[in-house]
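Construct all of the structure, not just a fragment, from the sequences and the given hints.
Heads up, the sequence shown stops at 318 in UniProt numbering, and the numbers go up one at a time, no gaps.
Worth double-checking, as some hints may not be accurate.
[As the list claims (entries may be wrong)] Just the calculated beta-carbon pair ranges, DEER-fashion: (1) Ser-125 / Phe-276: 43 to 53 Å; (2) Leu-159 / Gly-59: 41 to 51 Å; (3) Arg-91 / Thr-274: 32 to 42 Å; (4) Arg-176 / Phe-285: 43 to 53 Å.
Since the hints were made in silico from the structure, they are not lab data.
No residue lacks a Cβ here, since even glycine has one placed at the ideal position from N, Cα and C.
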Amino acid sequence: MIPGYPYSIVNFLHYFFFYLLFSLPLTLSYRNTKVINFAHSNFITYGMYTAVFLHGLLGNTSLLLAALAAFLVGGSMALLNHIAVFRPLGRRGASPSFLMIASMGLWIMYNYLLYMLADVAHFLSRKNFISYSRIVYSDVPELSVAGYTLSQSFVASFLAALILVAALFLFLERTRLGRAMRAVSDNPVLAEVSGIPRDMIINLTWLIAGGVAAVGGAVWTCFSGTITPQSGDAMILQVFTVSFIGGLVSLLRTGLGALAISFIENIGIAALNTYFGIPTSFRPFLTFTTLLAILIASPPLGAAGGLPYRFRRRRWGL
Numbered sequence: 001m002i003p004g005y006p007y008s009i010v011n012f013l014h015y016f017f018f019y020l021l022f023s024l025p026l027t028l029s030y031r032n033t034k035v036i037n038f039a040h041s042n043f044i045t046y047g048m049y050t051a052v053f054l055h056g057l058l059g060n061t062s063l064l065l066a067a068l069a070a071f072l073v074g075g076s077m078a079l080l081n082h083i084a085v086f087r088p089l090g091r092r093g094a095s096p097s098f099l100m101i102a103s104m105g106l107w108i109m110y111n112y113l114l115y116m117l118a119d120v121a122h123f124l125s126r127k128n129f130i131s132y133s134r135i136v137y138s139d140v141p142e143l144s145v146a147g148y149t150l151s152q153s154f155v156a157s158f159l160a161a162l163i164l165v166a167a168l169f170l171f172l173e174r175t176r177l178g179r180a181m182r183a184v185s186d187n188p189v190l191a192e193v194s195g196i197p198r199d200m201i202i203n204l205t206w207l208i209a210g211g212v213a214a215v216g217g218a219v220w221t222c223f224s225g226t227i228t229p230q231s232g233d234a235m236i237l238q239v240f241t242v243s244f245i246g247g248l249v250s251l252l253r254t255g256l257g258a259l260a261i262s263f264i265e266n267i268g269i270a271a272l273n274t275y276f277g278i279p280t281s282f283r284p285f286l287t288f289t290t291l292l293a294i295l296i297a298s299p300p301l302g303a304a305g306g307l308p309y310r311f312r313r314r315r316w317g318l
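Here it is in structure tokens:
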């Protein structure tokens, strides 16, 4: 038995909730827009800093308020990216690779913009926003289960994942807009011919994707020991690996990917450390190895140009 396995199990579930919140929006945005969006990590980071600025400048201690504000900020950023960058480039016939490079430019721009905003906030309050400590919120309790204390962050991430995943499922399955979004994902040309307003659906997709990722970032502020402008970037490997397990199209498989990567990074590394002495700092190595294996064995359809199609069996008609 792995020493400290209850702690490893709690960590496994904890990161699973966060990977769900961070990766499902990436899969949702790609399957409707076909943009591999490296600026996705900015949505997460700006969600964190929405909560940080509200706490540091206004003294807010409500996670609900921080999450709502983060949704508006992240959703607005994603929508602005689409309207100002991705849509004009798409109308000029830009390839998916070109759009991916454009998203890298946005990623760099948003990183430096956040440093500027942190400096302005420091000037106004004399607080250090470049390295901000974990926030304790007043509206999320700790829980004790079977003698183990579940932290505020665990409770918050569980509730956020449960509510947002359930809401997303109900929206996609039960509402007219959700069914239209799925139709655009399955066959955009046929959907447009059928009278579905494709531009509006794409706008809504970006709004939801950016908003949900930013909410995950806001919840992260009660978990991470230190929040910096690079905090979202530090998770980009895991987020993309999880979405690639889902093929960048399947929300269900993305959820399974979140489960798998969280298991590998927590219970898997704990077992390797116990029985083989492999240090826990090898977590990124395991994730990167998983990513490489996925890209070789079953590349996401449409990602990296023609590469995926060489691995597809003809009997599937792809």
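Cross-check of the supplied hints:
{"no.": "1", "hint": "Ser-125 / Phe-276: 43 to 53 Å", "verdict": "holds, 48 Å"}
{"no.": "2", "hint": "Leu-159 / Gly-59: 41 to 51 Å", "verdict": "violated, 23 Å"}
{"no.": "3", "hint": "Arg-91 / Thr-274: 32 to 42 Å", "verdict": "violated, 55 Å"}
{"no.": "4", "hint": "Arg-176 / Phe-285: 43 to 53 Å", "verdict": "holds, 46 Å"}
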